[in-house]
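Enquirer: Make the full structure from the sequences, and use the hints.
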Amino acid sequence: MDGGDRRAQRCRRFLALAKFPTGDEDLSPLCVERAGYRPGRRRRPPAPEGTELVLYGYDERGETTIAIGRGGDGSETEAYLIWRTEHEAVAVEATPARASEIAPGGWWPPRAQGVWRAELDGGRPIRIERFSERGASLERCRWEGDRLVEAITEHGNRPEADGRYVLEWQGSDLVRIERHWAQGEVRVVYERLPRGVTLAGLLSALEDELVERIPPAVAGLGRREPVCAMAFAYCVGEASLPPAITLCPDTVRRRLDREEDGFWYRWQAAEWTSAADVPELDRYGAEDFRERCATVDRAVTRGGDELVTARLLQAVARRLNRIDWGDLLAVTDDFLVYAWEIHGDSLEQDLAASVPGGNAPSA
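Those letters in the sequence shown? Residues 679 to 1041, by the working numbering.
Don't read these hints as lab results, they were simulated from the structure.
No residue lacks a Cβ here, since even glycine has one placed at the ideal position from N, Cα and C.
There may be inaccurate statements among the hints.
Quick list of simulated restraints, FRET-style, between CB atoms [to be verified]:
#1 V793 <-> S1040: 40 to 46 Å
#2 P872 <-> E764: 39 to 45 Å
#3 R891 <-> A1030: 21 to 27 Å
#4 R989 <-> H765: 41 to 47 Å
#5 V853 <-> V768: 29 to 35 Å
#6 L985 <-> R820: 33 to 39 Å
#7 R820 <-> D955: 24 to 30 Å
#8 D1005 <-> D886: 17 to 23 Å
#9 N1037 <-> L816: 49 to 55 Å
#10 G940 <-> Q861: 39 to 45 Å
#11 N1037 <-> D886: 20 to 26 Å
#12 V853 <-> V793: 48 to 54 Å
#13 Q1027 <-> W821: 41 to 47 Å
Expert: Structure follows, in structure tokens:
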């Protein structure tokens, strides 16, 4: 998901908020993956790691009219203005004219990034239009009573992204959401866990299984030359299990160490693949194992904590850093295993959480 798509998703969340969120809202009409809300838990609207989104400016009905996003340093990164009437809602996203103006120069003149208009029927959105410099899209929602059962999306300039969401309910509980792509592919994007099954239990079992399965899966990948690192890829808020695995040969490490920002090049695994043909593994384990991984991915989406996957892979890495790899791979004396967020936004934190005993490298 690129920056534009993230912005679009965030703004659509605000359009769905009638009042300050309590955690009980069903955001499926405008964000069918439920935007990370968890029943009974009060929290801010979700935001990418390192930022926060704050609601301001309520109208006479207590509905949000302004939302402002801030970066980790407190600088304002985007603003959303929201208007509602009985039959429609409109949201506008604006940012500073240039990113360099965020800290020193303020907002003027602002630049509009996108406009969203929702046609409402009894307070429920039935047609949502989006316009931006990236193109236009349309979402049509079908309801049965107060439950959304289908959302059809159309992208005029990207027909390959067209499709529909089908929502399944049991009584008042949303139990399953499927994404049907125009090309015929079907993907489960949300599934309520069976009674008695918890995310904590699934994570514990999967941690043990990953520790057991990864060593034999990568055995022999680094036999051509010694490897100095193994990275488990994940992406915050995205399906990441089982993790794609990348190995760094020592020759590649020595080449990248000569770059000006040696720490980044040394540990950002995307730089390894750019520099050379390095060993990689992105599909391993039997179908039942991959389905258990998919179940955890879907449960994490519902759970409301985008860093669950990161903590899982960091725990796996800590345990794998304690085993003897000598019989499986040709490794250097300083060989490390660690979780790696693919954009590198938390590289130093990932290393510190993955390497036991305070021995993680730092910038």
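Enquirer: Broken hints, numbered, in rising order?
Expert: Hints 7 and 12 are the ones this structure does not satisfy, whereas the remaining hints hold.
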